[in-house]
Amino acid sequence: MTAALRFDPIRLPEKCEQLRKEVRAFLAEEIAAGTFDPHKPNREDTDAPEFSRRVGAKGWLGMTWPKKYGGQERSFLERYVVTEEMRVANAPTRRFFVADRQSGPVLLKYAPEHIKMEILPRICRGEICFAIGMSEPNSGSDLFAAKTRATKTDGGYLINGTKIWTSSAHIADYMIAIFRTSPPTKENRRHGLTQFLVKMKQPGIKVNPIGQITGQYEFNEVVFTDHFIPDDHVLGEVDGAWKQATSELAYERSGPERFLETYYVLTELVRAIGPNPDTRSAEGIGRLVAQLHTMRRMSVSVAGMLQAGKEPVVEASIVKDIGTVWEQQLPHRVRDLAAFVEETATNRETLERQLDFAIKTAPKLTIQGGTTEVLRGIIARGLGLR
Amino acid sequence: MAESDNIVVETAEKIFADLADPQTINNDKKNSWQAPLWQALSEAGLPLSWVPDDLGGSGASLADGFALLNAAGRFAVAVPLAETMLAGWLLAQAKIASPEGEMTVLPASPKDHITLDADGALFGRARGVPFAKAAKHFAVLARGKDGMSIALVDANKSRIEAGLNVGYDHSDTVTLDKVQPVTLKPAPQSFEQTTLMLMGGVARSLQIAGALESMLDISVRYSNERVAFEKKISKFQAVQHNLARLAGESAAALAAATSAADAIANAKAFDDEVYLEAASAKIRCAEAAEKGGAIAHQVHGAIGFTMEHILHRYSLRALAWRDDFGSESHWAVELGRLVANRGADELWPLVASR
Numbered sequence: 001m002t003a004a005l006r007f008d009p010i011r012l013p014e015k016c017e018q019l020r021k022e023v024r025a026f027l028a029e030e031i032a033a034g035t036f037d038p039h040k041p042n043r044e045d046t047d048a049p050e051f052s053r054r055v056g057a058k059g060w061l062g063m064t065w066p067k068k069y070g071g072q073e074r075s076f077l078e079r080y081v082v083t084e085e086m087r088v089a090n091a092p093t094r095r096f097f098v099a100d101r102q103s104g105p106v107l108l109k110y111a112p113e114h115i116k117m118e119i120l121p122r123i124c125r126g127e128i129c130f131a132i133g134m135s136e137p138n139s140g141s142d143l144f145a146a147k148t149r150a151t152k153t154d155g156g157y158l159i160n161g162t163k164i165w166t167s168s169a170h171i172a173d174y175m176i177a178i179f180r181t182s183p184p185t186k187e188n189r190r191h192g193l194t195q196f197l198v199k200m201k202q203p204g205i206k207v208n209p210i211g212q213i214t215g216q217y218e219f220n221e222v223v224f225t226d227h228f229i230p231d232d233h234v235l236g237e238v239d240g241a242w243k244q245a246t247s248e249l250a251y252e253r254s255g256p257e258r259f260l261e262t263y264y265v266l267t268e269l270v271r272a273i274g275p276n277p278d279t280r281s282a283e284g285i286g287r288l289v290a291q292l293h294t295m296r297r298m299s300v301s302v303a304g305m306l307q308a309g310k311e312p313v314v315e316a317s318i319v320k321d322i323g324t325v326w327e328q329q330l331p332h333r334v335r336d337l338a339a340f341v342e343e344t345a346t347n348r349e350t351l352e353r354q355l356d357f358a359i360k361t362a363p364k365l366t367i368q369g370g371t372t373e374v375l376r377g378i379i380a381r382g383l384g385l386r
Numbered sequence: 387m388a389e390s391d392n393i394v395v396e397t398a399e400k401i402f403a404d405l406a407d408p409q410t411i412n413n414d415k416k417n418s419w420q421a422p423l424w425q426a427l428s429e430a431g432l433p434l435s436w437v438p439d440d441l442g443g444s445g446a447s448l449a450d451g452f453a454l455l456n457a458a459g460r461f462a463v464a465v466p467l468a469e470t471m472l473a474g475w476l477l478a479q480a481k482i483a484s485p486e487g488e489m490t491v492l493p494a495s496p497k498d499h500i501t502l503d504a505d506g507a508l509f510g511r512a513r514g515v516p517f518a519k520a521a522k523h524f525a526v527l528a529r530g531k532d533g534m535s536i537a538l539v540d541a542n543k544s545r546i547e548a549g550l551n552v553g554y555d556h557s558d559t560v561t562l563d564k565v566q567p568v569t570l571k572p573a574p575q576s577f578e579q580t581t582l583m584l585m586g587g588v589a590r591s592l593q594i595a596g597a598l599e600s601m602l603d604i605s606v607r608y609s610n611e612r613v614a615f616e617k618k619i620s621k622f623q624a625v626q627h628n629l630a631r632l633a634g635e636s637a638a639a640l641a642a643a644t645s646a647a648d649a650i651a652n653a654k655a656f657d658d659e660v661y662l663e664a665a666s667a668k669i670r671c672a673e674a675a676e677k678g679g680a681i682a683h684q685v686h687g688a689i690g691f692t693m694e695h696i697l698h699r700y701s702l703r704a705l706a707w708r709d710d711f712g713s714e715s716h717w718a719v720e721l722g723r724l725v726a727n728r729g730a731d732e733l734w735p736l737v738a739s740r
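Residue numbers (my numbering), protein chains in the order written: chain A, 1 to 386; chain B, 387 to 740.
Pulled out of the complex, with its shape left as it was, chain A reads as follows:
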């Protein structure tokens, strides 16, 4: 076989179910206390610093990291359970999600010891927020076209240029970004970029929020003008970011957030339709649930392979490709079925409000964190077509 794709039927271990109960109980308390409304994914302020600290206090941030950095040394499958329960409840995870999923693991791998000791425990306590500085006005999917310069100076680097579409930069304490330290070479156009830890809210950094079509302000333009970064904030090899950028992507691509972003409209549809659906509604719900279940089983399978120390890059890209296409279509399919909901359904307004928001959210789902086109290119390479 040219393409030996594997999706082993991984089951979550028993201890995950205990953890799941704890997470659900915690979220129920938060909802009861008014921290957030699970039926309102479209709230304007998605930043919840106090909630973030309480999640940290539970030990649910940096769960898989070594204890000496504040982690719990628990499994990826346990982290998976926390992530999916938070997502399904529409919990306000914005402040900690990127740090927990991506930035922390990058620091663990590439940051000097004293930086790890300083920053990782603060992520675990839910105190700090991270952003990722990849895209620029003239380089999006083509990561290696980045131009923002890091010029060597005494004791560090001076940064000049602009990052864009940077989620959460307006609230972030830190950013992990790639900057150009050398020009690309003839042999390797990916050469010359270096990964840096950027301390935000410092001189030489200006964050300009950008309005999105949902009405929210989640992403930003970040302008650097002679911003100084000390030498010990270089992450990994100077000029060698391209070697570091790919392996983390399996974590980023295959998680429950890659198919659950619009899940809430399905729950609300089932509520609106009630216990005795007509044939068309039943069939519609059944097909959507079959997809949802399959996506989750694929995603859990990748989590299990990651836990086993494998690097299922192609499988993870497949999960994100079909997961995001699905979550993008979901609000539209739910809208199709919502046409048959009785006028008297008590949650009709909630469903309609949610649909409005989900339909506006949908276009970004196949763009953020690696477009469908990029993913299919990676899958094609895995199939031996490139």
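Quick caveat, the hints were computed from the structure, so don't treat them as lab data. Worth double-checking, as some hints may not be accurate.
With a straight-line Cα cutoff of 20 Å, these simulated SDA-like cross-link-like pairs (lysine to any residue) come out [what the hints assert, rightly or not]: (1) A:K206 to A:D226; (2) A:K360 to A:E22; (3) A:K15 to B:K415; (4) B:K621 to A:R386; (5) A:K40 to B:K677; (6) B:K654 to B:F577; (7) B:K415 to B:G549; (8) B:K519 to B:K543; (9) B:K522 to B:A504; (10) B:K617 to A:G384; (11) A:K21 to B:L736; (12) A:K199 to A:E221; (13) B:K677 to A:Q329; (14) B:K621 to A:G382; (15) B:K654 to A:E17; (16) A:K40 to B:W734; (17) B:K618 to A:K40; (18) A:K58 to A:E22; (19) B:K654 to A:L12; (20) B:K497 to A:D278; (21) B:K621 to A:G377.
Covered stretches of chain B, going by a simulated chain A footprint (3 or more residues, C-beta under 8 Å) [to be verified]: (22) 437-444; (23) 575-588.
Even for Gly, the Cβ is constructed at its ideal location relative to N, Cα and C.
Fit chain B to the supplied structure of chain A, relying on the hints for placement.
Relative to chain A, chain B alone:
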């Protein structure tokens, strides 16, 4: 499921490779490959994998048998292997020993029902019964006034109207009119027709997933060979993205089918969680058969549309298998009803139950 994970699959794959090479059997207009293949499979004890030793079978685990069906799908095997396995499994539920030779199960659709009268005779019509024409015996699930029974029936006692499914395999209508079974025993407590349909559906899901794996494999290979506009068609981004989507469909089918198989192999009962797994597998695999098969054909162009080419052996069978033991529409309606009946707040706990 990876190849050669276990001895059952290893044995089967060796037999398939020797005696069911797709190109060879596709060229063989007289079907002279069928008898030697069946004989080899029987000698290896594969058709009765799910029958315990004391009932005449080889006593393989459910998991091994499911893996075997996935392998059979990869070769688009056109002998009643899956059907005999299911029949043996059904008979074993009632501790009925399996005879030698080809078997199939009925009913093969949730819409058809066989009834058992007070004198122990069977009545009813079952449509779309796979390989009924080739079977020597039927394993029959029938409803009587005291509940469900399982029967072994001599195929000669029934009336068979032969038919073909879209994959050119036998899919026949079987009528039982006051047929006295060879053996008749009560089905286990809580064994319903739905149980048989779910089991059959998962078997078909694994076969579809296997066929899709092969469609992906031969499509990738073909795209790396075929030259158009002075380059291999695999170098065109449009073709690459189509194949990436086919990989996605194949992966989704494989994940759904193997997950459902694993759920059944480890379940204590056919509860809601198993129902979700099995129904979802059939729905998702059937959708993948349509979408994935279309891409495989698109990549192949006209040559894939010929009888001479092997592609149709996989693509048409995968489409045909959608219809057996309840179509995806049937299962979607049933799953939708189950979900609606449990209520909105019970959906996520069901999905996240395993």
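Against the structure, the hints:
Restraint check: the Cα-Cα separation between A:K206 and A:D226 comes to about 11 Å, which is no more than 20 Å; the hinted pair holds. Restraint check for A:K360 and A:E22: not satisfied, since their Cα atoms lie roughly 33 Å apart, outside the 20 Å limit. For the hint pairing A:K15 with B:K415, the CA-to-CA distance comes to about 57 Å; that exceeds 20 Å, so the pair is violated. At roughly 7 Å between alpha-carbon atoms, B:K621 and A:R386 fall within 20 Å of each other, so this suggested pair holds.
Note on A:K40 and B:K677: the hinted pairing is violated, with a Cα-Cα distance of about 35 Å set against a maximum of 20 Å. Of the supplied pair hints, the one linking B:K654 and B:F577 holds, its CA atoms being roughly 13 Å apart against a limit of 20 Å. Simply put, B:K415 and B:G549 have alpha-carbon atoms about 19 Å apart, close enough for the 20 Å limit, and the pair holds. Note on B:K519 and B:K543: the hinted pairing holds, with a Cα-Cα distance of about 12 Å set against a maximum of 20 Å.
Distance check on the hinted pair: B:K522 and B:A504 sit about 26 Å apart at the alpha-carbon level, beyond 20 Å; violated. For the given pair, B:K617 sits about 15 Å from A:G384 by alpha-carbon distance, which is consistent with the 20 Å threshold. Distance hint between A:K21 and B:L736 is fulfilled; the C-alpha atoms sit about 14 Å from each other, no more than 20 Å. Our distance criterion of 20 Å between C-alpha atoms is met by A:K199 and A:E221, whose separation comes to about 16 Å.
Distance check on the hinted pair: B:K677 and A:Q329 sit about 16 Å apart at the alpha-carbon level, within 20 Å; holds. Pair hint B:K621 plus A:G382 holds up; C-alpha atoms about 14 Å apart against a cutoff of 20 Å. Only pairs whose Cα atoms come within 20 Å are accepted, and B:K654 paired with A:E17 is accepted, the gap being roughly 19 Å. Restraint check for A:K40 and B:W734: satisfied, since their Cα atoms lie roughly 17 Å apart, inside the 20 Å limit.
This hinted pair does not check out: B:K618 and A:K40 have alpha carbons roughly 51 Å apart, beyond 20 Å. Restraint check for A:K58 and A:E22: the C-alpha separation of about 10 Å stays at or below 20 Å, so the hint holds. The suggested pairing of B:K654 with A:L12 holds, with an alpha-carbon distance near 17 Å, which does not exceed 20 Å. The hinted pair formed by B:K497 and A:D278 meets the criterion: a straight-line CA distance of about 19 Å does not exceed 20 Å.
Taking the CA atoms of B:K621 and A:G377, the gap is about 11 Å. The hint holds against a cut of 20 Å. Using a Cβ-Cβ cut-off of 8 Å, 0 residues of the region 437-444 of chain B lie near chain A, which falls short of the minimum of three, so the contact claim is violated. A stretch counts as covered by a chain when three or more of its residues have a beta carbon under 8 Å from one of that chain; for the region 575-588 of chain B and chain A the count is 0, and the coverage is violated.
The structure does not agree with the numbered hints 2, 3, 5, 9, 17, 22 and 23 stated previously, though it agrees with the rest.
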